[in-house]
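What follows is the residue order along each chain.
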Amino acid sequence: MEIQIKLVFAVSAALFSVTAAYFLWAYKKPFNSAFLVSFITVISYTLMLEGSLVSVGAGGGEVYATRWLFYGLSCSLLMYEIARFLKKSQSETAFLMFLTVLVMGIGAAAAYFEGWYKIGFFVLSSLAYILLVYPLLTSVSPHRNAIAKYLLLGWTGFPLAFLLAPDGFGIITAATAAILYLLLDIFTKLIFYFDLRQKTEAGIA
Amino acid sequence: MEIQIKLVFAVSAALFSVTAAYFLWAYKKPFNSAFLVSFITVISYTLMLEGSLVSVGAGGGEVYATRWLFYGLSCSLLMYEIARFLKKSQSETAFLMFLTVLVMGIGAAAAYFEGWYKIGFFVLSSLAYILLVYPLLTSVSPHRNAIAKYLLLGWTGFPLAFLLAPDGFGIITAATAAILYLLLDIFTKLIFYFDLRQKTEAGIA
Amino acid sequence: MEIQIKLVFAVSAALFSVTAAYFLWAYKKPFNSAFLVSFITVISYTLMLEGSLVSVGAGGGEVYATRWLFYGLSCSLLMYEIARFLKKSQSETAFLMFLTVLVMGIGAAAAYFEGWYKIGFFVLSSLAYILLVYPLLTSVSPHRNAIAKYLLLGWTGFPLAFLLAPDGFGIITAATAAILYLLLDIFTKLIFYFDLRQKTEAGIA
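Residue numbers (the numbering used here), protein chains in the order written: chain P, 57 to 261; chain X, 57 to 261; chain U, 57 to 261.
You may find that some hints are simply not true.
Derived Cβ-Cβ restraints for the label pairs, each shown as a range [what the hints assert, rightly or not]:
no. : chain 1 : residue 1 : chain 2 : residue 2 : range
1   : X       : 216       : P       : 209       : 28 to 36 Å
2   : P       : 78        : U       : 175       : 20 to 28 Å
3   : P       : 109       : X       : 114       : 54 to 62 Å
4   : P       : 109       : X       : 194       : 41 to 49 Å
5   : U       : 145       : P       : 82        : 16 to 24 Å
6   : X       : 256       : P       : 148       : 18 to 26 Å
7   : P       : 197       : U       : 78        : 29 to 37 Å
Taking lysine-lysine pairs in the BS3-like style, the calculated list, with each CA pair at most 27 Å apart, reads [claimed, not checked]:
no. : chain 1 : residue 1 : chain 2 : residue 2
8   : X       : 255       : P       : 143
9   : U       : 62        : X       : 143
10  : U       : 255       : X       : 143
11  : U       : 143       : P       : 84
12  : P       : 255       : P       : 84
Derived by calculation from the structure, the hints in this document are not laboratory data. Bear in mind the structure is a predicted one, so any value in this text is a computation, not a measurement. Here a beta-carbon is modelled for each residue, glycine too, at the ideal position from N, C-alpha and C.
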């Protein structure tokens, strides 16, 4: 692993350690998903930094398939908050969370395998992702636009970064991909919670 | 992997892709388990077709242990529908779903390991399976017989196929086993939903 | 694997098989967690006895990282019972169960990896553990002291045994560690249920 990638992962782990501590102190909720999401992200980055579970993509770049498995954990919690914010029913929330885990699990397979199987798993994951975001983007809710911003500019950035990274076609290096993923993580897992909280406190939610 | 097995897996993945699309379109439920079960089955067959996670049994035949892990996901959803159909309580439904995951997880271990451990895990899995189906077969419900048909002719076929396949004693080839499992999948994961739906629409449920 | 360790694992699997059968017969609850915890423990010990997934620690002793993954399953069920006993809300119970799975998952990583990463994962797991037990130990409940006994003398014994075992610094042998873990398992997974049941039947709970 190059020193630049190690640096990005170390900075990411440190950043999310700080935000985990902050959310733990600031969010006094019985189910503190903001803390859990940051904490899971720390574990994920530490595991990628350790490096034992890294594989090499067809283009020669490094692939960190475990990233997607941990997104399965953290993003299903984010989906729980999104579904609650849009006042989805308990059944639909459970369906969306289940689908989120599948999207990320298949994404890990797409990152790990090569050739036609990579393409096949990427297509399956993308189809599941469309099923996930379509009902959210077409929700009848005053908060639809606020959520659409995070989904379209944030969540959708991940499969695009995937295609560019060694996970996919390997057009950008693993180091550039790591920075891109970090920025998307900051937007969808940190700014999202600060924004959501402000909206909730302002009595909008 | 022989070409016949690849063909069975490819046909299976294609078939369940079609049914996933159908259930998505036809079943307008907030928690669409019929779609999820078919979709999980597509992932499972694609992974088996890819072949990296295949091991070789003691008899020389190919063993696809991941099949059982994905059954843990799909069959716990089937168990949710069965338990609801028989009007089981929320606590008992959770217990039955948890047990289903254990049955299939231990089944994966039985498929993967050899010798006395294979036998030991198979016995543990079978005991858990009996605990799972016994309360269902003895339910006081007008739908008991309808469910019993799927459990006795469908679900129970899987451990029997396991014993004959390279998973177990290796009496039949991996290709024959793949066809047998496919037929059982069609009965328990497709016909089950069509039948259940007819009963529900006819006002029986 | 030494014959002494094999003996401890075989005795453990046999003991928890007996208690699984007992709890199945004696506890007539729709969600029978006492049975599930014993049954999961049987699977865990059988897998450790099989030995394929054993790794060797830095000190040369054997490390059974899968032990901690199965604790993730069994201890989240124990946490469910503890949270109910202390009358925690559904949201807080879900949070505590999720955190229990993380504590044990990170624990498996701490057992498996070496050097600074072992220390890092151990610290992360310990921090999550403190977040888990602190709200329980400071609960306002007549049962706080009864639960505190199991947490402080039982649950907390596991990370201490971890540090002494080849999982951690390797001060004691894998065989001694296996006995220590077995005693802690008996206290937290068997005596706990007998005690809890007596309290419940005596009308204290």
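Against the structure, the hints:
1. X:216 / P:209: 28 to 36 Å: violated, 52 Å
2. P:78 / U:175: 20 to 28 Å: Given range 20 to 28 Å: holds, Cβ gap about 24 Å.
3. P:109 / X:114: 54 to 62 Å: violated, 30 Å
4. P:109 / X:194: 41 to 49 Å: holds, 46 Å
5. U:145 / P:82: 16 to 24 Å: Once the Cβ atoms are compared, 20 Å apart, the range 16 to 24 Å for residue 82 of chain P and residue 145 of chain U holds.
6. X:256 / P:148: 18 to 26 Å: holds, 19 Å
7. P:197 / U:78: 29 to 37 Å: violated, 52 Å
8. X:255 / P:143: violated, 31 Å
9. U:62 / X:143: violated, 45 Å
10. U:255 / X:143: violated, 31 Å
11. U:143 / P:84: holds, 18 Å
12. P:255 / P:84: Distance of about 16 Å is within 27 Å: holds.
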